[in-house]
Structures are given as structure tokens and as C-alpha cells.
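Peer 1: Residue numbers (my numbering), protein chains in the order written: chain V, 43 to 271; chain Y, 239 to 636.
Take the hints with a grain of salt, since some may be wrong.
Partner residues are not named here, just some residues of chain V that face chain Y (Cβ under 8 Å, in silico) [to be verified]: (1) I92; (2) Y125; (3) E128; (4) K132; (5) L141.
EDC-like cross-link-like pairs, simulated, lysine to aspartate or glutamate; straight-line CA separation at most 16 Å [claimed, not checked]: (6) Y/K251 with V/D122; (7) Y/K633 with V/E145; (8) Y/K257 with V/E128; (9) V/K146 with Y/E240; (10) V/K150 with Y/E240; (11) Y/K633 with V/E109; (12) Y/K256 with V/E128; (13) Y/K243 with V/E145; (14) Y/K450 with V/E110.
Rather than coming from a laboratory, the hints here were simulated on the basis of the structure.
Since this is a predicted model, take the numbers as computed values, not measurements.
Backbone N, C-alpha and C fix where the C-beta goes; we use that ideal spot for every residue, glycine too.
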Amino acid sequence: MELVIDRVSKQYENHIAVDRISLRLREGVYGLLGANGAGKTTLMRVICGILKPTSGSVYFDGIEVKEEGYRAILGYLPQDFGYYPEFTGKDFLLYIAALKGMEKRVAKKKTEELLDLVALQTVAEKKIKSYSGGMKQRLGIAQALLNEPKLLILDEPTTGLDPGERVKFRNLLAELGKKSIILLSTHIISDLEDITDEVLLMKSGEIVYQGKWEEKKRWVRGALPSLFY
Amino acid sequence: MELLKNLYIYEWKKLLQKKIVWITVFISVLILIVSLLSYFISPYEGTLEERFDAYQLDKEYSMVLDGRKIDHALLSEIKEAYKNIPYTKGIDYTITEEYQQYARRYSTIFRIVRGITKLSTSELILSWEPEEDKFYEERRLWMGTNWEDLKLSSQEKEFWEKKEEQVEKPIVYRHHEAYLALTNLYQTVGYIVLLVIAICLSGLFPEEYMRKTDQIILSSPMGKTMLYRVKIIVGVSFALLSSLFFSTIIFVGTFLLYGVNGFFAAFQLIAGLFPCSLTCGQAVLIMYGLMVMAAVTSSIFVMVISEIFCSNIGTLALFTVALMIGMMVEIPRQYRGVSQLWNWLPWCYISPFNVFEGYTISVFGQNFTSWQALPVIYLLAAVGMALLGKRIYQKGIM
Chain V
43 MELVIDRVSK
53 QYENHIAVDR
63 ISLRLREGVY
73 GLLGANGAGK
83 TTLMRVICGI
93 LKPTSGSVYF
103 DGIEVKEEGY
113 RAILGYLPQD
123 FGYYPEFTGK
133 DFLLYIAALK
143 GMEKRVAKKK
153 TEELLDLVAL
163 QTVAEKKIKS
173 YSGGMKQRLG
183 IAQALLNEPK
193 LLILDEPTTG
203 LDPGERVKFR
213 NLLAELGKKS
223 IILLSTHIIS
233 DLEDITDEVL
243 LMKSGEIVYQ
253 GKWEEKKRWV
263 RGALPSLFY
Chain Y
239 MELLKNLYIY
249 EWKKLLQKKI
259 VWITVFISVL
269 ILIVSLLSYF
279 ISPYEGTLEE
289 RFDAYQLDKE
299 YSMVLDGRKI
309 DHALLSEIKE
319 AYKNIPYTKG
329 IDYTITEEYQ
339 QYARRYSTIF
349 RIVRGITKLS
359 TSELILSWEP
369 EEDKFYEERR
379 LWMGTNWEDL
389 KLSSQEKEFW
399 EKKEEQVEKP
409 IVYRHHEAYL
419 ALTNLYQTVG
429 YIVLLVIAIC
439 LSGLFPEEYM
449 RKTDQIILSS
459 PMGKTMLYRV
469 KIIVGVSFAL
479 LSSLFFSTII
489 FVGTFLLYGV
499 NGFFAAFQLI
509 AGLFPCSLTC
519 GQAVLIMYGL
529 MVMAAVTSSI
539 FVMVISEIFC
549 SNIGTLALFT
559 VALMIGMMVE
569 IPRQYRGVSQ
579 LWNWLPWCYI
589 SPFNVFEGYT
599 ISVFGQNFTS
609 WQALPVIYLL
619 AAVGMALLGK
629 RIYQKGIM
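Chain V on its own, in the form it takes in the complex (with noise of 0.2 Å):
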């Protein structure tokens, strides 16, 4: 399992968000660490393949990053998470299953233990519009696992999350991780301290570091604020 990012550029007309970023990622849980307007949530949005790079390319174990087949192994949480407020929750996950192409019986399944998962089950036939801004937060995560992605991609997903919550999440991160590839941003360092293999520090549009968090730890500690100021 292998995820290539081959010298990616997203440029808008006079600037340049991603520069020729160029990655290999196995299964683990990578880290992508920057300050806002990084370029974080861009180069994440031409992995999903929600943005068209300016050039460079993109795959999945060989499968190009706009074919239907890459889409089907891919789970994405967006930074902005949007939901239908008159949906129930369960209704919501129904929903996304149907959009990435699941069975009904499976989908039905796999919510339930979804929402059992993310501690949902309770509020499962309320309508998202009364959920607290940590339940939607869960609700989006779950709705990025069903499809048990092996390409899972989390922009900001501890927002909103209280510290039991971001606990639990960053057990199951690790343990998706051992099978997975999960790329996910966060401003939060110690959500990354624990699980992450390798983290990828971006200024600018570039990576201008990519390694063990543990190796370098004291080093990005202490980049950090060069790199978000």
C-alpha cells in the first residue's frame, strides 16, 4: 500500500499554495504540521482530488487520483465539515454510504457500529441540528470511516473535540494506522506526539521537513515558531 505524490503544484493565478511536493506514504499515521495558509488543507484537497493540481500527479497503489476506483478507498474529513441539519444523524451516514457506493444492508451495519463508535447511538435519530459542536465533529469522522478507507484523510479533526474525546480518537487513529494510511493536519502538537510515524512540516507550500516525530521532536519543537510566524 503506497501513496505517491509526484511533484504537486497548486498554483491561483500570482500564488503558489502547494509548490512540487513530492511524497511516498505507507501504511501510518503521517502528521502534517503549519501555519494557516501552509498550504495544509490544499495539498489535502488534491489528494482527496477535490482540487485539480496545477501539475504533478497524484496515486493510490497505482490508481490515479481522479479515477472512481481511488475514490472508493479513500475517507476524507474536511476542515469545514458540512452536514444536512435537518438529517439525522443516522440518516446522514445512510447517506454518505450510499455516496460511496455501499450495499444498504452494509451500510446500515457498518452505522451502527459506527455511531456506536464515535458514542452516537444515543442521539442516532436526532437531527444534526441539534448536535453540539463535538457530536458533529464525530459525526464527521464516522461518515469518513465507513467505507473502512485505506486512504484516510483528517483536516483538523480534534476541533471541537474535548480531552476524553481526543483520547479515544487518537487510540483509534492508531490503531486504523497499522492498515491504513491516514494523513491528518492538526494545530494541536500533542495529538501528534503519540500516534503519528512521521511528521510533514509545511511552510509555504513546500514540506521542508519529513521524519520520525520521535527523532526530531526537539527540532520541531523548537521550529515551530518560525514556522507558524
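Place chain Y on chain V using the hints.
Peer 2: For chain Y alone, kept in the frame of chain V given last:
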């Protein structure tokens, strides 16, 4: 297939969960009911009871004449009856005793005669000399004048002349009040349907962008391909169902109020100068059928425009302006091509005048009327727009 059905149900659910859809439908139904009852609730012409009694009386008179040919004998009877009215210019002759006693029973046919001869009421009462041959000859002359105004080609004139030959003369009068009402209400129903479509469907695509659900959709396997088809099918189904729903209200209401008589009456009783052998029932079915087609085409137009604008408000504004311009602007007939194209736009076409106008389209030397050609043209336009929309959609936010 199961997946398509599944997504179809969810898209409907998304659409029907919007309050604006229900509010729009509710207000539209109210407007339709008021339009339907407008004859009876007119504040200027007596109480509801008086209007209803007047209608009953006219219906009785009309039923007496049902089945009579509009020939020399009937035209003379009308003249004789109207001759009794002491006509004074500027005074409403219908309030006179003589009108009520002698002429009122012929009033429906008098209206038809007035429409065909294009004579004023005073001319008809004071100086008109009824003659069957002259009456139908005058009709034929006015028809020719209309064709000249429309700048019809000689091939088109020949086409209509052949059609006119098939019209049975003398025209037989039949009570056809329901079909007259359905023709008169056609434009109102059409505009309501188009506005409902614009209001309810303009958000179908932009909603995903505004709710930020587009990112999840576009990163899912069915989101880029099947969902587009599903949304288009839902939009088209909505257009189809809403036009059928509003048409049903109007048909049921009209038949309840006016009865069902008149399906086989000649359409010339409503459109005197129409040169084609159609019954009132056929004409009304053609009109409302075309309205459904116009609604479906407009629904795709609305959805594609909303994709381009990424805004429901922008789309609604554009469509409303197009609708209003369509209502108010008439292209001078001397610019034949532009005028025909304009009149055949779905939002301009929903008027009885445009449906039964003389413009035709020639394909391999064969002329087709608008109601024959437009279903095919609208279908092709709808498919073309849907394909364009697919390209825009699949580009997503790229």
C-alpha cells in the same frame, strides 16, 4: 440500480426538508384557487351569489345552443336578438332589459362572432348584416392578414391553408366553458409552475457548496458521477410532478365549477382564427402537455445556471428577470427569426397565443407546428444543457 434509487430517495428528502419548498407550494396553490374562482369573486360584478346565478343562467342559455351550427340561420337569430337592444355609445348595453330578454341567450356566440369578424359591438348591433358565406370569408381574410403580420413564408401559408381546409364549416357550437377557462388560466398556471421550479430547484446544486458538503461529495466514488445524474433526475421529477400537480388542481377545479362539456367542441370557438382542425380538449391537452415539457426544460436550465453561479439567489434573480422580460417584451414580427426563437423559449412559450401561433419549422421540406416541433427541440436542449452541467459539476471546485 438500487444505489441510484437510494440516492434518489435521499435527494428528494433533502429537497422536501426545505421549508421554502412547502411555503412556495402552499402560496402557489392559494394563487391558483383564487385565479380559478376569480370569475365568481370579482368585487366589481355583484355578490358571489349573483355571479353564480348569472353563470347558471348563461350556462342554461349555452346548453340550449349546444350542437347548433353557426350558420346563416343562427347568425340571423343573433342579429335579430341584438337588434332589440337600444344601443347608446358609452352605456353598458348588458344592463338593459332588452339585452336580458332577447340577446343574453346568444351572448356566448356573439362573443365568438365578434372575435372572428373583429367588428366592434356597436357595428355588430347597428350595421352588421349576417351572411354565412361572408362570415367565413371574413374569417379567412383575417387569417391571411395574421399570416402576413407573422411574415409567414409561402410554404407556411400553404401548410396552414391545407390545415384550414380540414376545419369543418359551419362551425358547430358546443358548450365549452371549462375549456375556455382552462385556456384562460394556462398562462397563470405556467408562470406559477416555472416560478416554483426556479425557487425550489435553484438551490439543489449550490446548496452543497454553501453547506460545504461538496467536499465530501466530490471525494466519494458516486459523488462525481452518479450524484449528478440523481440530482438532475430529481429536478426533472420535481418539475414533472409540480406541473402535473398544479395542472391537476386547475383541471379538477375547472371541471367542478364548469362541468366537463366541450372536449369535442371545435377549438375555433375559443380561437376563432385558428386554422387547424383541433377540438377544445385536444388543444387544452396540447397546451398543458407543452407546459410540462417547458417546465422540465426550464428545470434543467435552472439547475445548470445554479451550478455556474454557485448561488441560488443569483439563479433565482436571473430566471425571474428572464421570466418577466418574457412576459413583457415582444419582438417585432418583422424580425421573424428572432421573434420565433424568442416566442419558443420555454418561459415565453407558455401562452396560448404562442402555442397556436402560425410559426412553423421546416425539416426536409416538411412543416411542423410549434407543438409538434418543440417537444423534440426542448428534449434536445435539455439533454445538451444536462451534458454541459455535467462538465461543470465534475470540475467541481477545481
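Peer 1: Which of the listed hints are not met by the structure?
Peer 2: 4, 6, 7 and 14
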